[in-house]
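Student: Letter by letter, the chains look like this.
2 protein chains.
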Amino acid sequence: MVKLYFGKLGGLVPAVIQDWRSGEVLMLGFMNQQAFKKTLETGKVHFWSRSRKALWMKGETSRHVQLVKEILVDCDRDALVVKVAQKGGAACHGGYRSCFYRRVAKKGLIPIGKEKVFDPEKVYKKD
Amino acid sequence: MVKLYFGKLGGLVPAVIQDWRSGEVLMLGFMNQQAFKKTLETGKVHFWSRSRKALWMKGETSRHVQLVKEILVDCDRDALVVKVAQKGGAACHGGYRSCFYRRVAKKGLIPIGKEKVFDPEKVYKKD
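So the protein sequences, as listed, match chains P and D. Each residue of the first sequence is one higher than the one before, counting from 34 in the working numbering. Each residue of the second sequence is one higher than the one before, counting from 34 in the working numbering.
Chain P extracted, bound-state conformation (with noise of 0.2 Å):
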């Protein structure tokens, strides 16, 4: 398996999740050496959750997977970028096709203009 230098951020690296049509950056997650390695192995992107410490799947709970089409890898070996199909049209626990629906402006953060895809209230359910 490829080589990845996980020392620099404590084991983990960051994988800049973008749609393999559109070329949309959709998210920027963790990956540790586990979660790399079930990616490679599955075809699905997998994290390493910094809070939770533990792997996940993106969309294990609200189906929306990430289909993986290409990863790329960079200069230094501690980056990557993931080309996905992004299953259910959005990727942002919000609700929103990509987390970076907001743009800095000097008076704060203004919505770049991104509709919600989904309703977060009925996708991840609370018990």
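Errors might be hidden in some of the hints.
The list treats identical chains as interchangeable, and a pair is accepted whether it falls inside one copy or across any two copies.
[As the list claims (entries may be wrong)] 30 Å max Cα-Cα, derived DSSO-like pairs, lysine-lysine: (1) K155 to K140; (2) K70 to K41; (3) K155 to K139; (4) K77 to K120; (5) K102 to K36; (6) K36 to K140; (7) K116 to K147; (8) K147 to K36; (9) K155 to K41; (10) K86 to K41; (11) K41 to K149; (12) K120 to K149; (13) K86 to K36; (14) K147 to K70; (15) K71 to K36; (16) K77 to K41; (17) K149 to K116; (18) K102 to K155.
Calculated directly from the structure, the hints in this document are not laboratory data.
Given chain P's structure and the hints, the job is docking chain D onto it.
Tutor: Same frame as chain P, now just chain D:
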């Protein structure tokens, strides 16, 4: 100024640098509060170098500066996408347009066919 959450990575947020026209991801760097502020003030991308523990402007040696067109922030305010006009045609210190010039394959890393834009030995002269 817009408040970001730098706490998860010990004072840093990852910044995805994306070509504002093509959507190509050129590189990934890290900003601390100071680098973010400097980027906003100057309109030129600044990072925090983790290895040198210093603020640096991208292109300060190579002159391949990155002019900010738009900055997007994610839902959690702990990651940025910075859309830029890349001066000199290349972001990678290896001479490639993008640092992500190889893809992950079973046999290892495969170049995705990008030509070098510049000769790094000429741009980064050693005294």
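Student: Compare the structure with each hint and give your call.
Tutor: Checked hints:
With identical chains, the CA atoms of K155 and K140 are never at most 30 Å apart, being 32 Å at best within one copy and 43 Å at best between copies. In the homo-oligomer, the alpha carbons of K70 and K41 lie at most 30 Å apart both inside one protomer (19 Å) and across protomers (24 Å), since each shortest distance falls under that limit. Taking the shortest alpha-carbon separations for K155 and K139, neither the intra-copy value of 34 Å nor the inter-copy value of 39 Å comes in at or below 30 Å. In this assembly of identical chains, the alpha carbons of K77 and K120 lie at most 30 Å apart only when taken from the same copy (11 Å versus 35 Å across copies).
With identical chains, the CA atoms of K102 and K36 are at most 30 Å apart within one copy only, with a shortest distance of 20 Å there and 34 Å across copies. In this homomeric assembly, K36 and K140 come within 30 Å of each other (Cα to Cα) only across copies, at 11 Å, whereas the closest approach inside a single copy is 43 Å. Taking the shortest alpha-carbon separations for K116 and K147, both the intra-copy value of 21 Å and the inter-copy value of 17 Å come in at or below 30 Å. Taking the shortest Cα distances, K147 and K36 sit within 30 Å of each other only across copies (21 Å), while inside one copy they are farther apart (37 Å).
In this assembly of identical chains, the alpha carbons of K155 and K41 lie at most 30 Å apart only when taken from different copies (29 Å versus 38 Å within one copy). In this homomeric assembly, K86 and K41 come within 30 Å of each other (Cα to Cα) both inside a single copy, at 18 Å, and across copies, at 13 Å. For a Cα distance limit of 30 Å, the shortest separation of K41 from K149 across copies, 27 Å, qualifies, whereas the shortest one inside one copy, 35 Å, does not. In this assembly of identical chains, the alpha carbons of K120 and K149 lie at most 30 Å apart only when taken from the same copy (15 Å versus 35 Å across copies).
For a Cα distance limit of 30 Å, the shortest separation of K86 from K36 qualifies both inside one copy, at 22 Å, and across copies, at 26 Å. In the homo-oligomer, the alpha carbons of K147 and K70 lie at most 30 Å apart only across protomers (26 Å), although the nearest pairing inside one protomer, at 33 Å, exceeds that limit. Only within a single protomer do K71 and K36 lie at most 30 Å apart by alpha-carbon distance; the minimum there is 14 Å, versus 34 Å between protomers. For the identical chains of this complex, K77 and K41 are neighbours both inside a copy (25 Å) and across copies (25 Å), given an alpha-carbon limit of 30 Å.
Proximity of K149 to K116 under the C-alpha cut-off of 30 Å is found in both arrangements, the shortest distances being 22 Å within a copy and 22 Å between copies. Only within a single protomer do K102 and K155 lie at most 30 Å apart by alpha-carbon distance; the minimum there is 29 Å, versus 36 Å between protomers.
Hint compliance for this structure: hints 1 and 3 are not met, and every other hint is.
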